[in-house]
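Since the structure of chain H is already known, use the hints to place chain A on it.
As they're listed, the protein sequences go chains H and A.
Its first residue numbered 0, the first sequence is counted upward by one per residue in numbering that gives the first Met the number 0.
Its first residue numbered 0, the second sequence is counted upward by one per residue in numbering that gives the first Met the number 0.
Don't read these hints as lab results, they were simulated from the structure.
Sample of chain A residues lacking proximity to chain H, with all beta carbon distances greater than 12 Å (derived):
1. 5
2. 14
3. 26
4. 37
5. 52
6. 113
Lysine-lysine pairs mimicking DSS-like chemistry, simulated, CA-CA at most 30 Å apart:
7. H:104 / H:8
8. A:119 / H:264
9. H:226 / A:97
10. A:97 / H:264
11. A:107 / H:264
12. A:107 / H:226
Heads up, incomplete: computed chain H residues facing chain A, CB under 7 Å, no partners named:
13. 191
14. 195
15. 196
16. 202
17. 226
18. 229
19. 230
20. 233
21. 234
22. 235
Quick reminder that beta carbons are idealized off the backbone N, C-alpha and C, glycines included.
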Amino acid sequence: MESNTTVAKLPEMVKKHQQNLLATWVSHQLASKHSRPGLIKESELRQQSQQFLSAFIQALQNGASFEIGSSTWAGVRDILSQISRSRATQGFSPTETALFVFSLKQPLFSVIRQELALDGVALADQTWSTTLLLDELGLYTMEVYQKGREEFISRQQQELTELSTPVVSLWEGVLALPLIGTLDSSRTQVVMENLLEQIVSTGASLAIIDITGVPTVDTLVAQHLLKTVAAARLMGADCIISGIRPQIAQTIVHLGVELGNVITKASLADAFAVALERSGLMITRAASRP
Amino acid sequence: MERIPILKMGEYLLVTIQVDMHDQLALTLQDDLTNRIVETRAKGVLIDISSLEIVDSFIGRMLGNIGAMSRILDAETVVVGMRPAVAITLVELGLSLKGVRTALNVEKGMDLLRAQVARKVSGNGRSPD
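Isolated chain H, as found in the complex:
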């Protein structure tokens, strides 16, 4: 088969010109306008290129398949994911990361041209199949890079969710829940669970939900708030919603959101006063000062 002969030739060519290829490749990477000498040392770049090239040759020699998903290419894939992940953390842009593989094209093609200068058809075939191979490897690099970024984002998101839902004890039997940021269903779930756990462990009978830090209240957010209030009520704790800004009060009325018989207060201080009154407590000024 024709494709087999071209594949068979590629490993030999690359092997023969390995040193030369490495040198031109590295110099290409360094000379590129996307090169970032501040982010990565030349020695490290050279080492990465060396590693990739030897794994590349190994894979080419081991199998006639250009299918980079196959086990033959596992070594190359490993090295690429390593490099891609390290670049993502080093602060390389997607383009710069992808160029690691794509910049191999030019040196590799000149080797092929040199070797197959007399056979036009073979030259074209070889160039085409090599392009396909390098493209796939480049795309694989991008995929890993993207995955790394996505993991990073989802980890941050999770941390944010946990960070921003503290339940604090204001007084004996009075809990406060200062909400910061938008309430979506997954956050409401976390908030609700936290609040209910705290109600059980502290035996609180009153919880103040402060929404000063919630930027907008739409019907969905209101629904989530009411759900939390209903769940707390089932556990035997009353809820007060405080920190309602004028803008939000207007929105709530315009949207026709029915807050039912939930107590609402403009500020946390007002809500706390209600809480104290409910507990039969009073704050008085100590002896008057002269």
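Only chain A this time, still in chain H's reference frame:
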């Protein structure tokens, strides 16, 4: 047949659900409880569900129904000791047990029941027994 015990304590009835509820058990409880309220002329019912781990819409509705029935028979109902997971489940099911009072534990539940009954008695203009 399996039954949930109903204990009389003064003018209140105590129901402690210690096993997982199934539908028949819930219906039996509803039956027994209404009978006992009439029999003992109870003023309040306290249902402790702290051991209840699994609820479905039927059990949730049953709790609400018991509350409504007791009210018709002139007895207040307080449900105590609901677990967080159960509370979340009920809210997600859209059952917020509007007619039933709730408290965190038996102690607070009894306090609430006493206050409730006292208020009702004074509100009706009758002297407390």
